[in-house]
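Protein chains: 2
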Amino acid sequence: MIRISIDAMGGDHGPNVTIPALAKVAERRGDVRFLVYGREEQVRPALAKFDKLASVTEFHHCEVAVRMDDKPSQALRQGRWKSSMWKAIEAVKSGEADVCISAGNTGALMAMSKFCLRTMATIERPAIAAIWPTVRGESIVLDVGATIGADAHQLVDFSILGAAMARALLETDRPTVGLLNVGVEEIKGQEEVKDAGRILRETNLKSMDYRGFVEGDDIGKGTVDVVVTEGFAGNIALKTAEGTARQIGEYLKSAMSRTLMAKIGYVFAKGAFDLLREKMDVRKSNGGVFLGLNGIVVKSHGGTDAEGFMAAVELGYDMVRNRLIEKIKSDLDQFHARLPQVARPLPAADDNI
Amino acid sequence: MIRISIDAMGGDHGPNVTIPALAKVAERRGDVRFLVYGREEQVRPALAKFDKLASVTEFHHCEVAVRMDDKPSQALRQGRWKSSMWKAIEAVKSGEADVCISAGNTGALMAMSKFCLRTMATIERPAIAAIWPTVRGESIVLDVGATIGADAHQLVDFSILGAAMARALLETDRPTVGLLNVGVEEIKGQEEVKDAGRILRETNLKSMDYRGFVEGDDIGKGTVDVVVTEGFAGNIALKTAEGTARQIGEYLKSAMSRTLMAKIGYVFAKGAFDLLREKMDVRKSNGGVFLGLNGIVVKSHGGTDAEGFMAAVELGYDMVRNRLIEKIKSDLDQFHARLPQVARPLPAADDNI
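Quick note, the sequences are listed as chains Y and E, same order.
Position one of the first sequence corresponds to residue 135 (my numbering), numbered consecutively onward.
Position one of the second sequence corresponds to residue 135 (my numbering), numbered consecutively onward.
Keep in mind that the hints are not guaranteed to be accurate.
Which copy is meant is left open, so a pair is good if it fits within one copy or across any two.
BS3-like, lysine-lysine: derived pairs with alpha carbons at most 30 Å apart [said to hold, decoys possible]:
1. Lys328 - Lys205
2. Lys355 - Lys205
3. Lys216 - Lys186
4. Lys328 - Lys248
5. Lys413 - Lys387
6. Lys248 - Lys205
7. Lys355 - Lys340
8. Lys328 - Lys355
9. Lys404 - Lys387
10. Lys216 - Lys248
11. Lys387 - Lys355
12. Lys355 - Lys404
13. Lys355 - Lys413
14. Lys418 - Lys397
15. Lys413 - Lys397
I should point out that these hints are in silico values taken from the structure, not numbers from a laboratory.
Hey, can you work out the whole structure from these sequences and the hints?
Written as structure tokens, this is what we have:
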């Protein structure tokens, strides 16, 4: 049985999107149970429409709903202990749920998740991992916004977390991992990235196949299964890719409606365009996963529809079924067992410069 | 008369690409003169094919050609004073040329440009500016790889440099400027970015309209004319956008060849696809501009063809004609005249936190 806690109030559309999404998951999965948190007068009527869902759901009324524009500090002050967001996270902490899903605002969700679940013993700071569609399938990119300016050890932590997630989600036993950098030449890039690369090379973990540095254009190529960077560059990469995809979509739309010939061509090729649209559909890879905490929290895009929220719920389901947390723990243990034997102290008093 | 110095040996194809590109520019522009540097036995035969070009070109033999995979330190050691790359840059320093163009390797070109031209009096570190096609036209994005981890004052410098370039290239007197960040909320982002924003807001320069923070997806939207960031994030944004465009191109190609209907549609809509291809043609916006040095150097993409190299040469031509260096100097003067009146010392001993 997989138990999922839901912040029903999160996102731009609240229960109007979250509840129908859960109904779909309940239809598809026989082994799922939901703990749903939200305002009674909004959630109950939505729930009442779906018999199957209602039969696998335990609902809890929460007076407070964190707003999409609340600042994290504000959300913590007003929503701690009592908001639907907090309660959904807390269900993971107490062991009542295996994973928490919210489409609420990222800053508030991260602040509450850190406060409630705390980071794992050896992890200093959490990361947000995104699933990135590539020409070869899917890759995991982290951190996309939780940790600005990670040091070498944090980048190594992110590599371990991302590799564990890849083993849980992609069909691979030893995922390939690359550190995002501005060039593959040894002289380029940040010191932190170089030091992280050295540690990963020297520890040579069983849980990942470290492949060195990758550049921005390697993400879409699917050069590696896991792309690791700090949150500033990672967030900018993610948003820039989204922007570029939208930009090309607009070019394409305007080109296809410009002449009669183009319009006729569009009619013939409609199936192909539909396929393309599906490939570019961001809803299907919806969900940023918070890694490094004592429990899994999935952030769905705030503006998503039921289809997109369902994808985020399914993502949470898959990670529980594939035992992500256990994988992370054993990978971290393996790493810390090897670290003292190979890694020199940081910052590197490098003898080969 | 606009005098352009050319490193004819730079790029993957050397004179086979650079010389035909110059021939096209010579046909189009009556007021251009070239100083061409390279190996005699390779450049002379290429030059001899183009009468018009030969009549406006002064050729200088250089024994050394910097290789595409030379490290910057290696290039400086072996190529300083004597390589075609060095000589082309030196022509700008001596005043024989107004701008230098090279498709040679970026690290070497930047190292030599810094060494030879030096940064402008008040500028600590140079930036590489890229011209980014957007749905609204073109924007300038800098730094895309010269300066890793810029501080607030360097980000302000980049804003001034980028705004001057926008005034030289785009048809605007007061370009809009945004600082790339991971969110528009005040609490997010790096301290350097916040401090830079404060300085730009408080100096309120005539040369630019500072609009605050922008995110990765704002670049392709053309939200502002000039997007400013440090070189690590900027390079990753640029490469990620290139990768995403290539990825979608592959999706489109495969979708259009999958069924007979799609193929028929493609035939009808071919004009539209050609238009789209032209829109996405990276050659047309080829050229990273080195800003902040005592002279203009344009880096063309190493793998480009004659069309792309021509775009880089034309870019250099436009910047000279529109007096980029004079604009930068007067903008910097204006900024330094205003700075003492508004800016508090850095790092900010902030009284409002």
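_Violated hints - listed by number, lowest first_ = none
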